[in-house]
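Chains as they are written, first to last, in our numbering: chain A, 1 to 452; chain B, 1 to 187.
These are computed hints drawn from the structure, not numbers from a lab. Treat the hints loosely; a few may be bogus.
Computed cross-link-like contacts, EDC-like style, restricted to lysine to aspartate or glutamate with a CA-CA straight-line distance of at most 20 Å [said to hold, decoys possible]:
hint, chain 1, residue 1, chain 2, residue 2
1, B, K100, A, D347
2, B, K14, A, E279
3, B, K64, A, D54
4, B, K127, A, D40
5, A, K135, A, E205
6, B, K150, A, E279
Each chain is listed here by its residues.
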Amino acid sequence: MIEIIVIMLVSFVILMALDVPIAVTIAGATFLCVVATGGDASFIVANKMANGIDSFTLLAIPFFVLSGLLMGQGGIAHRLINFAAVLVGWLPGGLAYVNAVTCMLFGSISGSASAAVSSVGSFMIPEMNRKGYPKEFNVALTTTAATTGLIIPPSNIMIVYSMAAGSVSVAALFLAGILPGIVMGLAIMGVCLLRTMQGMTGKGERLQVVGNTRGERLRSVMALLWTGFSQAALSLLLVVIVIGGILSGIFTATEAAAIAVAYSFYLAVIHYKEVKLKEMPGILLQAGITTSVVMLLIGASSGMSWILASQNIPQAVSAALLGLSENPIVLLLAINLLLLVVGTFMDMTPAVLIFTPIFLPVMQKIGLIWGLTESEVSIHFGIIIIANLCIGLCTPPVGSCLFIGCGVGRTTIAKVTPQLIPFFIAMIAALLLITYWPALTLLVPGWFGLPK
Amino acid sequence: MSEIQTIRTRPLVKLLEILVILAMSALVIDVLLGVGTRQLGMLKFWMMEQWSISLGFLPDGQIKWSEELARFLMVWASLLGAALAFERRAHLGVDFFASKFHPSTRKLAQSIAHLLVMAFAVLILIKGGVTLVEHARSSGQMTPALGLRKWVVYLVVPMSGLFVIIFTIENMLADLRRSFLDEEVPE
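The following block holds chain B by itself, in its conformation from the complex (with noise of 0.2 Å):
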């Protein structure tokens, strides 16, 4: 859990992985901004109360979009990562059972995981995602302070369901292949 990550060299992956590390970086940086500014528009009417002093050049209050952005950036993040996480085998799972099969059980039982992952992937994350995406469209919803099109948040999920397609062809290949590999070298 604790282990620092080191980042990968694989194009894709390298690419989710800077993409993750920006929107987390932003989202402290914007955080903090969205509580600077409040606590800095009470200061100002504070002292302009105090001494009746104009401060144009200080903010008014709490930015507005600060919170839409970071909500906007965690779904963002939130996405790309548990496709990150896929790549990693990092999603929490319950091995207890599936340890006790006998070896031949457990590979199939392997094999049958990775394909309802990409179940998953394919029936909610692109099909129930690009039905989001379309209905946001459609509707032409927008966030009120950032005038961003709603369909654009909604447009990780079935991104994020395509890379979570990707690695865990990727897994399964490489599990079957360890497997092939050991039937083959008698230990």
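Only chain A is shown next, with the shape it has when bound in the complex (with noise of 0.2 Å):
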């Protein structure tokens, strides 16, 4: 077994240190792991690479993608905007909240973080700019918030982690993102109220409440109100109808995704017309690589989790970081400090692709002294290694988001780096919170029934 761990790290660390992409890493490195027990690695790499695309419950990937391309498309941002600027554009530093709000729902609706920070910030950090915020300021909020919609429900990489945890139900991980989703957003907008508090410049936007008596002014506010929401409303459908529908069990995750295709196809390109339809092959192709992209990292990583499992190696590993301490604090420190080394310089889907199979074992130890079942720490461990890859997006020197939010804002990594260090603290807080409470995890599954 000593030897099958030397050889997969070895060999790991050269190909990653080359610049090899990471599907083709962690298929060479599993190839020589078999190699070296002897099998026909060839055949086993390639056998175990084509069963692990050939599922069901993956197919909600390419799906999900796809309508969150659709919607990003779309033009949802500036109607999602209008809402949360009724919502929390009237505060002292109105505009902020806004948009870390904005962030949270695009995401959510989405998917995708990257698109999020250029979507929401090609308009917010302009407008920000233009109010009086802080550019670095307003780069380093975008950049965090639009992470948080990786753990608001839908997400694709909840699917990914589903498949590598071994089955996990998506409609669990679905829910149990929710609150965790919001309570890192609220950490961010911590950070905005701080700032607002220390005397940043931006200010608040005025609602346009007319009328004498408070009836009037009452009246005129709700109007405000349910016109941003309306002009929001069936952009947020698409949540409901995926979560709801999956609850209700009318359909799987896969066939809920297929109807978010369906249903955000009807939005971007028959209601809103901002998809044109000589633009769908265009979208289609893309989405196909993307997921091709993720495909080819789960097929690889299925071949990984077997021979690890083969050689009982994440057993090893549990048992050797129990060695070290018995304490569930110290050692959740341990993983969480780990894996926050390894979203600096590695992407989220390979992270929780190697990393699950490692560390899913150790937790569930701790979930035992916890008194916590098999699949709700299956659950809890989920949103815990998303929440801190989310963090990872924002990181120099390799974080997608924040070169992303660079480009937007037109600013460096070195000049938003200071003004991203107190929403880090925040995130980092958020995170140990959602680690060390699994309740707050589990509060909202439970109330389904989830996980039997």
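Hey, can you piece these two chains together into the complex? The hints should help.
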């Protein structure tokens, strides 16, 4: 077993350092390990890859990518911004909250943090600059707030996780993400509140309230709220259809995703007319390529988790970690720190695929101490690993959201980094809360009797 | 990520792109058909019980082949799309360490990385894929609902390997040509 671990680690590190695509890195390291155990490596790895992709659950991924692209191109950004402006825009420092709330909604609907940064950011960052908010603060806010959309359902990374963790209920994961995602968003807005109290210059937006008597003014506010909501409602309905459909048992997660495609096609092409029919091949191709990148990773990882499991390596890692400390608080801190480091240089999907099979057994042991069932631990750990890796999307040197944010905001990573630090502290605080308080994650699924 | 792709003009790439686009469209329609027929079937039985009428023209339930066809299309779309992703250099990598190398080492590392991708294509996708197809052929595996031979599903694995090799050789030559030009033209 030791030689397998050494071969896996050494080949993985060398291939990764050479900038070989991660999917090839994983498949290559697995190949060498199978060779070392004396199996027909070519056949075994190819077989695991092909059968790893051949799954109906995973079909939800291309569909959510496709509906995300359609919604993202379909001009929902400004409708969500108008809605958020009525909700929180009138507060002191209001535009900062508008930005954060819009990012949360957009990220949830489009399922892509990068799309949230570029779509919401390209409108909100210049607008906030104009209203006197510091430019680097605006970029830092958009970058971090956009990642919350990956925790708020529906979310593709949760489908990837459910596969990596061995068939965890996608419905339970979706529900589990709601409160942690909101907590993460509130933590980010907490930073905005602090900055406003410190005297940040940006102002809120005045609501166009008319009328002389209290009743008239109230009616005017209600009318504004209704206008904002009704504009955004059709986009938000997507989330309701998906989550509601899965929970009521009318359709599976994969079917819900296909219906989301049909619905977002209707919204973007027929209702809002923001996407032209002749743009559809390009959108389908983009979705196909994005999906293929994820699928190749999933295929390669299913080979890797097979060889790791056949050598009892996850159990050995978990025994070694438990040998270091029996204290759940220390162990969780160690796992979180390691994932934070991994997240700074590795994308979310490969990180989830690689580290879920390794750390989940340790988590199961910790869960026993806390009195959680096996499936509750799988759900809780899914939210922990996703929330953790969200932070990595915004960290230098290789945070994909940070790159896009700096591009949209026309600034540099070096200038934004000081502004990012308070947001990181807030996100880590939220992560610790999510980690050490499983009830936050398990409450909403519990209402629906999940996980069974 | 969210940029929309334009369809390339090169015949081989264009062919693969069209196949991926068709497979993606077929996937959506197929899964919607699956849900639709199941819901219609349930509605039919409910109406027949409620009003005791005959609705023979409506489907009895979910068409049996929709899930199988979807999985088949997905394997094909993913592996052909993966080859295209090599052509576009869209696969996720960790360029943090390689970008810290000295320029000349970096060029060498880049070439080695291309060669390793080709080794992956030859050893796993082509050699492993051919074995996979042969196994499925000799055992005569069939998919239950469509009656499709399983080796047809697996055939895309070695095919994808072949395309990965073609695209990687092209990328490698392009990189070598670029670094050669960089040396000739002083900055």
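Inset, instruction - Mind checking the alpha carbons of K100(B) and D347(A) for me, to see if they're no more than 20 Å apart? - result: Holds. K100(B) to D347(A) sits at ~19 Å (cutoff 20 Å).
Inset, instruction - Sort out whether E205(A) lies within 20 Å of K135(A), counting only the CA atoms. - result: holds, 18 Å
Legend entry - Given hint E279(A) paired with K150(B) - CA-CA distance at most 20 Å: Roughly 35 Å separates the two Cα atoms, so the pair is violated.
Inset, instruction - Assess, step by step, whether the Cα of K64(B) is no farther than 20 Å from the Cα of D54(A), and give holds or violated. - result: Satisfied, since the Cα-Cα distance of roughly 17 Å is no more than 20 Å.
Legend entry - Proposed proximity, D40(A) with K127(B) (alpha carbon, max 20 Å): Judged against 20 Å, a Cα distance of about 11 Å means the pair holds.
Legend entry - Satisfaction of hint between E279(A) and K14(B), Cα-Cα up to 20 Å: At roughly 16 Å apart (the allowed maximum being 20 Å), E279(A) and K14(B) satisfy the hint.
Hint violations for this structure: number 6 only, all remaining hints satisfied.
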